[in-house]
Amino acid sequence: MKNNSWTITAAFIRILTGYAIVLGFPQSTIAQLQVGLQVGIDQNYLALKNKTVRDFTYYEEKNGYMAGLMLRYSLNRYLSLGVEPAWITKNYQLKRRGYYSGVFQATENTYLQLPLVFNTSVSYRRFVLGLTAGGYTAFWLRSKNKGKIPNISDLSAQPDGFEQVFEDMQAFRYEENYQLSSKRDRRHEWGLLLGLDLHYQFAPSLAVFVAPRYYYALTGQVRHYAAGLEQRFNETSAISAGLVLNIHPTRK
Amino acid sequence: MEKDLDFGLIFEKFWDGMNRNYVMWDIDSTDWSKLRQSYGPAFSRLDIKDPKDRLMAVGYLQQMTAGLKDAHFMLEFDDPQLWPRQQSPADERLKLRTDYHRPFAADYFDRIARKYLDQPFYDAYYHTDLTHQLAYKAGTIKQQILYFRMNAFAIQRAYQHDQGRMKTLLDYVFTSLADPHLKGLILDLRDNTGGDLRDLNFLIGRLIDKPLTYGYSRYKLGNNPLDYSPWMPAIIRPIPNSRAYAKKIVVLLNMYSISMAELTAMALNRLPNTTLVGERTYGANGMLAEAVELNGGSFAVPDFVRVNMASALFKYADQQIYESIGFPPTVVVPHKQTATDTDGQLEAAIQLITP
Chain A
1 MKNNSWTITA AFIRILTGYA IVLGFPQSTI AQLQVGLQVG IDQNYLALKN KTVRDFTYYE
61 EKNGYMAGLM LRYSLNRYLS LGVEPAWITK NYQLKRRGYY SGVFQATENT YLQLPLVFNT
121 SVSYRRFVLG LTAGGYTAFW LRSKNKGKIP NISDLSAQPD GFEQVFEDMQ AFRYEENYQL
181 SSKRDRRHEW GLLLGLDLHY QFAPSLAVFV APRYYYALTG QVRHYAAGLE QRFNETSAIS
241 AGLVLNIHPT RK
Chain B
253 MEKDLDFGLI FEKFWDGMNR NYVMWDIDST DWSKLRQSYG PAFSRLDIKD PKDRLMAVGY
313 LQQMTAGLKD AHFMLEFDDP QLWPRQQSPA DERLKLRTDY HRPFAADYFD RIARKYLDQP
373 FYDAYYHTDL THQLAYKAGT IKQQILYFRM NAFAIQRAYQ HDQGRMKTLL DYVFTSLADP
433 HLKGLILDLR DNTGGDLRDL NFLIGRLIDK PLTYGYSRYK LGNNPLDYSP WMPAIIRPIP
493 NSRAYAKKIV VLLNMYSISM AELTAMALNR LPNTTLVGER TYGANGMLAE AVELNGGSFA
553 VPDFVRVNMA SALFKYADQQ IYESIGFPPT VVVPHKQTAT DTDGQLEAAI QLITP
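Those protein sequence lines, which keep their order, are chains A and B. Per the working numbering, the first sequence starts with residue 1, numbered consecutively. Per the working numbering, the second sequence starts with residue 253, numbered consecutively.
Worth double-checking, as some hints may not be accurate.
[What the hints assert, rightly or not] Part of the chain B face toward chain A, derived, beta carbon under 10 Å:
#, residue
1, Leu-348
2, Asp-351
3, His-353
4, Ser-481
5, Pro-492
[Stated by the list, open to error] In silico lysine-lysine, BS3-like type, Cα no more than 30 Å apart, as pairs:
#, chain 1, residue 1, chain 2, residue 2
6, B, Lys-367, B, Lys-419
7, B, Lys-588, B, Lys-499
8, B, Lys-567, A, Lys-148
9, A, Lys-146, B, Lys-567
Keep in mind the hints are simulated off the structure, nothing from the lab. Cβ coordinates follow ideal geometry from the N, Cα and C atoms, glycine included.
Go ahead and model the full structure; you've got the sequences and the hints to work with.
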């Protein structure tokens, strides 16, 4: 499916736009702009395609952070269109188990992400519950690796009888910026998102909200620099909270 | 259910194994992706039951791997009817060197020891495994120079497991390092086929009193061809209570000084009192380990071929990679065998210590 990411994204956007046209504009009754700030935490999982199993080796989710804006324009009482530009980390770690336990490389990838979303909502007293769906594009800003790995060229004095790899090879610890490469790394990411919004209106123009999101990348991180590559896709779950200001709450 | 073995499947396993496990794609000029397109269909046309096609497949693999930089790279075929069963591109490249010569005769170092070493000298054998059948010699030259000849490295293993002549020889060498009457050390690593990396600490660790950084190594962390670890320092650590060896060290090298022999010479070359004498080495500096250890290196295509190769790439302290090139000696003394067993390289080494 991810090979046809452009086609799917385009189709998804067409469906959402059609939904907006059919349900939204003809029934416009309220024009309202919402501007919000949000911060949150996320957990990223690296989905692999064309994967090779390496003994004692696995990828694991890793937590991260996000912060950004929420701009939303109400098309009618039920539907709004918005963007949620955010700085977001999509992290993961490579780990080993068994004899190699303790070996890891944690990768922290920072993206600037721009989701375009449609939101439909229902309200009850001061609460508004919404469903959000859309697509996003993201740009991979930087990458950092931190790890502890065995150093084959720094062996221990112990001759044999090892029960753990670091008894054999000295541990090498590192924390360094990874130089993103135009040959290896695909820095533009496209994907879909789905989420919920729960707003609590505590003043006429102010609300607090929490917004869980699931971001599903359709494009992988690896450029096609060779044949037979393992492709890596970000799948990110996030939950953010913030404050939103309703601007120009005018009735048309 | 396991798919029946055919050459299409063998090719895919071999190509993919190389793509994921070879550690030198970033310095190699072989376009591995292109070879998949050109050789994949050719393999698919071969019949695994036809002996002629099996030979054809071996030929294709040789062509595909002829330019690989990893000098440890070797194809070892399962088919007992094939000869030679081991194919090494680096061995073929060696024959193209302008200074190419064959290795020394099997008894050469026995004759050299009898001619140059003071009587009596030590001579010991120890079989740690099939690839490291140790034949060491040690003694003095002119009562002034300690001479230690090793044909392969498994010193620590031999020292720990042997209670006979080999341990006596090694104890003699280690004790003689502190002998005030001796003016220097000649380490003869010509025709040394390499061996245990752990011997760096065990041997050179006796010549230093603080950690010695002599280069860097790097291996695979992920499955893609360019998924590398950071460069890690290559460090030799002194053994407890060791003292820095302040006298002259001369290391004898030739084009059959391979792998650990090269790393030993390169490490000692970091010491100010070391001179390398002889010829440029073989050029197999990568480190070997089980593939499971470092996420790369040797692998097998079951029932057809075992692929032996390095698990880590080595870069010397001068930031140069000498893989497939060989490390140059400080003083070049060409190989020359004479009827009288006059060893020009050894004589040059002696001259450097006792002019």
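Check your understanding: So which of the earlier hints does this model not fit?
Key -> 1, 2 and 3
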